[in-house]
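Colleague: With the hints as extra help, turn the sequences into a complete structure.
These protein sequence lines map, in sequence, to chains Z and H. Terminal number for the first sequence in this note's numbering: 1069, no gaps in between. Terminal number for the second sequence in this note's numbering: 299, no gaps in between.
Hints listed in this document are in silico derivations from the structure and should not be mistaken for laboratory results. Among the hints, erroneous ones may be present.
Okay, the calculated beta carbon distance ranges per label pair [stated by the list, open to error]: (1) Asp-228/H / Arg-732/Z: 42 to 48 Å; (2) Gln-241/H / Leu-925/Z: 45 to 51 Å; (3) Arg-872/Z / Gly-210/H: 29 to 35 Å; (4) Gln-241/H / His-934/Z: 38 to 44 Å; (5) Arg-827/Z / Asp-228/H: 38 to 44 Å; (6) Leu-925/Z / Ser-182/H: 22 to 28 Å.
Restricting the straight-line Cα-Cα distance to at most 25 Å, the calculated cross-link-like pairs of lysine-lysine (BS3-like) are [said to hold, decoys possible]: (7) Lys-733/Z / Lys-59/H; (8) Lys-59/H / Lys-737/Z; (9) Lys-737/Z / Lys-60/H; (10) Lys-937/Z / Lys-992/Z; (11) Lys-60/H / Lys-733/Z; (12) Lys-937/Z / Lys-922/Z.
Note that CB positions come from ideal geometry on N, CA and C, so glycine has one too.
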Amino acid sequence: MKDLLQFLSLQDPNVRYVVLGTLLVSISTAVIGNFAYLRKRALVGDAVAHSVLPGICLAFMLQGSRSLWVLLPGAFISGWLALMSIELINRKSRLKTDIAIALVLSVFYGLGVLLLTFIQQGERGSQSGLQHFLFGQAAAILPGDLSLFAFTGALLCSSVILLYRPFKLMSFDPAFTQAMGWPLRRLEWILSTLTVLAIVTGIQTVGVVLMAALLISPALAARFWTHRLPRMIVLSALFASLASVLGCYVSFRQSHMPTGPWIIVMMSLLAFASMLLAPEKGWLSRRLAQGQHQWKVNAENLLKLLYHSGEQSGDFQIGLTREGIIAKRYFSPLMLRLQLWSLLRGAWLSKEGQHYRLSERGMERGARLARLHRLWELYLTRYLRIAADHVHDDAEAMEHLITPQIEAELEAALDYPERDPHNRDIPR
Amino acid sequence: MKEPVSDPVLEVHDLTVSYRKKPALWDVDFSIPAGVLAAIVGPNGAGKSTLIKAIMELIPTASGYARLFGRSLDEVRDKVSYVPQRESVDWDFPASVLDVVLMGRYRHRGLFGRMRERDKRIARECLHQVGMEALSGRQIAQLSGGQQQRVFLARALAQEADLYLMDEPFAGVDAATEEAVLNLLGQLRDQGKTIVVVHHDLQTASKYFDWMIMLNTRLVAAGPREKVFTTELLQETYGGKLTLLNTLAELASKQEIPIRE
Chain Z
642 MKDLLQFLSL QDPNVRYVVL GTLLVSISTA VIGNFAYLRK RALVGDAVAH
692 SVLPGICLAF MLQGSRSLWV LLPGAFISGW LALMSIELIN RKSRLKTDIA
742 IALVLSVFYG LGVLLLTFIQ QGERGSQSGL QHFLFGQAAA ILPGDLSLFA
792 FTGALLCSSV ILLYRPFKLM SFDPAFTQAM GWPLRRLEWI LSTLTVLAIV
842 TGIQTVGVVL MAALLISPAL AARFWTHRLP RMIVLSALFA SLASVLGCYV
892 SFRQSHMPTG PWIIVMMSLL AFASMLLAPE KGWLSRRLAQ GQHQWKVNAE
942 NLLKLLYHSG EQSGDFQIGL TREGIIAKRY FSPLMLRLQL WSLLRGAWLS
992 KEGQHYRLSE RGMERGARLA RLHRLWELYL TRYLRIAADH VHDDAEAMEH
1042 LITPQIEAEL EAALDYPERD PHNRDIPR
Chain H
39 MKEPVSDPVL EVHDLTVSYR KKPALWDVDF SIPAGVLAAI VGPNGAGKST
89 LIKAIMELIP TASGYARLFG RSLDEVRDKV SYVPQRESVD WDFPASVLDV
139 VLMGRYRHRG LFGRMRERDK RIARECLHQV GMEALSGRQI AQLSGGQQQR
189 VFLARALAQE ADLYLMDEPF AGVDAATEEA VLNLLGQLRD QGKTIVVVHH
239 DLQTASKYFD WMIMLNTRLV AAGPREKVFT TELLQETYGG KLTLLNTLAE
289 LASKQEIPIR E
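Modeller: Dropping the structure here:
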């Protein structure tokens, strides 16, 4: 607890630099990453991130300095060249996009590793610290780097605000953008350049290998929570900030833990949690909705079964025992108890001794299901020319889905029929 | 068969387009007058979409040109509306129906200008015309195919253009949507607008459209429906490619020789 307070107070200047630096980097990368995500350029981002390595090495070899102000321009140039190479291969050759990405990534990254090995075997190699650009070293963020991050962050965010409308349109519908007379190529060029800039700024923190995750996962996580682009952008920035602070905290508590990879781990956890838990689009709520539907289907099947049994015997007052129900249609005993209990509570059924019978509203609903089932069977035989003995299974599923509006249309299409294909009455 | 047109809204002159050196359109040349509802018909791979894209300068042309209202496209963009194929975009994009229709107003407000109340009113009005008013706040990911097509149409209406070029607006839509859209296009035509539609269904084409462009890599016919909708011309359009033209096209493609110098 004391640790946490000390961490959050940001009194330690090192902690302050690292937290502020990673925050600036991850927020600006996340914001621009939304468009990479929506334009399905995640892999291009990964290729560009790997491709900045030779630029860093060359800049170091030429200038002999490891200041970010020297290395990042080199990184930017080689990342940008990689991006343009992908575009060029796409446009000018018959190679497919995935091949172009793989090709550029491996060539540039391979060259980078080669140069890195060469530097490390040289005189000052071991002190160069360039290997930290592979997985990042957030602890090495200096006050001077902060101003660089703040500058690029401001540039990225203000560009996105200023060019929000064209970026949105070209991400959704590039052909329409171009047809409207907006300079699609130039806009794409600006967006790509901004993306390279974001990637380059982030490599000191998380490294070239993990950078793509920082670009894409905040947008991916945010997409699960909202259907509005502005909200998605803000949310992605929030997720990225949260992951940054958590990552910094882990490495603050355990000094041998690397900050960058922990930020990525936290970000991935957030993305994963969003996938699972987000309302509506998340896995859990989708499963829940399916479960609810299954529950409703079971309940309706029970009501329909009691209705059928009454129809057959001609007396709806007898009802059925649990054994009688299971003999007609299998339900697991536990599920049957639960369903019957809930139907009794909802006053769809009443119970006398061991016999369950339909209440008035239960009767109505049972009749409606039998009716939908038979209407649909009739529709299938008449309009799809399916034989009468082949339509039952289909109707068994559809009867639970048909809305009153579809019901009305069905009736009209069938000219208000009275008997189904098996010559049973269609209840009113 | 080609109907001469004086004062055309759309004039396509000797247009040749090739995809990866393979000719998709070969010397296509025709004109369309103002105030008609025109259908571009032809078999799969005839170059119907290519023709519209080439007119909108979305793809490079090997030779020839298109003139709209007697001018180049750049001079008259405000008067032209393009409706891409519905499948060309990812509908799982975070936007509402109204958002998409408002895109039709972007050109009026420029890259940076704010949307005004008037733009929203027009967008809602256009949604009303396609019968989607009630769904203006709906997520586009939740729309059916027919509804997506209506949204695209509403966006085109919001552009308030005089010439509409539509790429397969009836692909994968329900019968109700098709009829509603056809009626709407008829109304636009009656207001003096010109509509050019890539269309598959010959039956509705012959019923609702008054001008036809029959295409099969080359132009087979262009003119008023009653003149060109004949068995003979239809057979020529759908009866397969011209063998020699096709052989030469394949040859050019294999050896990567451009078909224009």
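Colleague: For each hint, tell me whether it holds in the structure or not.
Modeller: Going down the list of hints, with the structure as the test:
no.	hint	verdict
1	Asp-228/H / Arg-732/Z: 42 to 48 Å	holds (43 Å)
2	Gln-241/H / Leu-925/Z: 45 to 51 Å	holds (48 Å)
3	Arg-872/Z / Gly-210/H: 29 to 35 Å	holds (30 Å)
4	Gln-241/H / His-934/Z: 38 to 44 Å	holds (40 Å)
5	Arg-827/Z / Asp-228/H: 38 to 44 Å	holds (40 Å)
6	Leu-925/Z / Ser-182/H: 22 to 28 Å	holds (26 Å)
7	Lys-733/Z / Lys-59/H	holds (12 Å)
8	Lys-59/H / Lys-737/Z	holds (17 Å)
9	Lys-737/Z / Lys-60/H	holds (18 Å)
10	Lys-937/Z / Lys-992/Z	holds (20 Å)
11	Lys-60/H / Lys-733/Z	holds (15 Å)
12	Lys-937/Z / Lys-922/Z	holds (21 Å)
In the structure shown, no violation is registered for any of the earlier numbered hints.
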